[in-house]
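Heads up: the sequence lines are chains A and B, in that order.
When we follow this note's numbering, the leftmost residue of the first sequence carries the number 4, and every step to the right adds one.
When we follow this note's numbering, the leftmost residue of the second sequence carries the number 4, and every step to the right adds one.
Remember, identical chains collapse to one label, so a pair may be satisfied in a single copy or spanning two.
Listed below are the simulated DSS-like cross-link pairs for lysine-lysine, each with C-alpha atoms no more than 30 Å apart in a straight line:
(1) K164 x K225
(2) K24 x K315
(3) K167 x K340
(4) K167 x K178
(5) K225 x K167
(6) K340 x K218
(7) K178 x K164
(8) K133 x K347
(9) K167 x K218
Hint data in this document are derived by calculation from the structure and do not stem from the laboratory.
Number of protein chains: 2
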Amino acid sequence: MIMIDRKTAVNVEWKGRNRMKETRWAIVGTGYIANEFAKGMQEAAAAELVAVVSRSEENGKTFAQRYGCNTVYTELAEMLRNARPDIVYIAIPNDCHFSYIMTVLEAGIPVLSEKPMVDNRRQLDAVLAKAREKDVFLMEGMWTRCFPAVRQARSWIAEGKIGKPLTVKSGFDIKPDVSDWQPWKGGISHAGGALRDVGIYALAMAQMVFPESPKEAHATMKSNGEVDESFHMLATYTDGRAAFLSGAFNQVSTPVTEIVGELGRILIGPEFWHPTTAELVMNDGTRQTFEKAYPASGFQYEIEAIQECLEKGEKECPYFTLTDTEIIADWIETTRKEWGIVYKADSE
Amino acid sequence: MIMIDRKTAVNVEWKGRNRMKETRWAIVGTGYIANEFAKGMQEAAAAELVAVVSRSEENGKTFAQRYGCNTVYTELAEMLRNARPDIVYIAIPNDCHFSYIMTVLEAGIPVLSEKPMVDNRRQLDAVLAKAREKDVFLMEGMWTRCFPAVRQARSWIAEGKIGKPLTVKSGFDIKPDVSDWQPWKGGISHAGGALRDVGIYALAMAQMVFPESPKEAHATMKSNGEVDESFHMLATYTDGRAAFLSGAFNQVSTPVTEIVGELGRILIGPEFWHPTTAELVMNDGTRQTFEKAYPASGFQYEIEAIQECLEKGEKECPYFTLTDTEIIADWIETTRKEWGIVYKADSE
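Chain A extracted, bound-state conformation (with noise of 0.2 Å):
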């Protein structure tokens, strides 16, 4: 454990507004994602970052100062043991989330791991059974699910506003920095791609109206030589629903999700995965816009969604359950496998 001057922990003191008890969280991992989530961190009610997990200690040190803590550990089992938070969140590269989510739960420690949690179905099954055995919570970290946009949108869906839903369209398609960015940095050796890495959040989308595994999906996919560096998806349902869904790293589409109903349609954007705005356009062209802009990342609403789930005993969060993981999983575990990737953790 390294402790840091509380002087340079300028962050913590305006936090906790709204609750007495403060939940306390551990960060494993020190990269964009963990950034954005403890920005995310110091907008939510009641949280409080009580310790940073990093192989780096200069890392550890540079984050958990520009976020207020005051506490960096190098072992996560060092952390667990000293530090005993309530919920541990892991954002480290893909292939390293299933032996550090196994450590958390073997602790009794509840587990919020950063997407896709698992590299396949062996993996996926030893951690919801080791989160069974030691009943505790976890969660795969589908932010998306929890932004007031979204719900906003599933509560339309639900009270019947646009009739049965028949189509999703949604493409999670950028073109980053390769260099810059981390996801897509891993490449095989990290089991990314464009599904697991980005394509992952349209799937959600669709699973998310359609709450079961589609019954066919044809998918075509550009390789990169390692992983796949986009793809396109037509996922069918019975009585002809379907959506369109794709991930890229190579080309930039229009980021708004689109699911069609018989009576009207629901647009979810600016940028799908994190958005502000859910819109209900009827076939007869009248509109009703839900608006909601956040400060800082929209990391707050997964952070409290979880917090109350912790503080009503809960062992999975309503907004993307283990079951939703699940079926996301072995769908993309069975197109992955199609297109002849296969990573590390299929041969162990």
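Fit chain B to the known structure of chain A by using the hints.
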């Protein structure tokens, strides 16, 4: 032939603004599309409506009078003999196109036929052979290709503005009043269906960008008991290129076509099948907008493009060639047969 009192032909005087030589058109059919076409003709330079053919004398008279024409026939052959138009436009139910096209071509007169031009490959081979034999102009009425906004999009692609095109997303999904709107009314007896009546526009957008036949096309279809009420299709091409295409009579989706390339994307709308706008959005977010509003239906662009062809002696329209028609017709026929949709023409 039925002559109408010239005094009722109010719209004829103000035409023929730009050229001396009028192109003398005959229109077969008096329905919704024929009306839209005639409105476009009133906006086109040097286009004259010289004859109307309708099986109903009363409908023919009403229609002709509305557009300043004083000659109505109830028999196509009689019209061809007597009126000798420069070109015949055919806007009757799908299943009637073939025999009308053959009759007009046999008389050595050019033809513009509404989409889908014919019902299957056998009919297509026959009309193509007849047009070649008689050495006359023939075009399937994919008017969308003639709009300035679509031509601008095509120029941008040809100039390399978006780099290599990678993805096309196009859906013609509407929910018309079925009792009031003609193509849909046809059902199986008139060789109708979402794929042929509206989806064909989406396929034509893909084929404009990727001129070859798709490598594969996966599609899901919802039947109305006779034909396809809606469909969703993933068309794949070599090297990961793909198109998300749909057509529907039971749901309304955002009617903008998106063409995504390596460097940027093009949005065609607001209703891509008769657009006023093409927008070029570079990957860095910079935008360039082409806008061309037009009076009436917009058929004037197709009409003027064809008149230019006739003047130059060309036998095909460069915006939508007979090869374009062949590729899309084969694609549609393969797809509908996979769905088990069989038309009258297939057993003739």
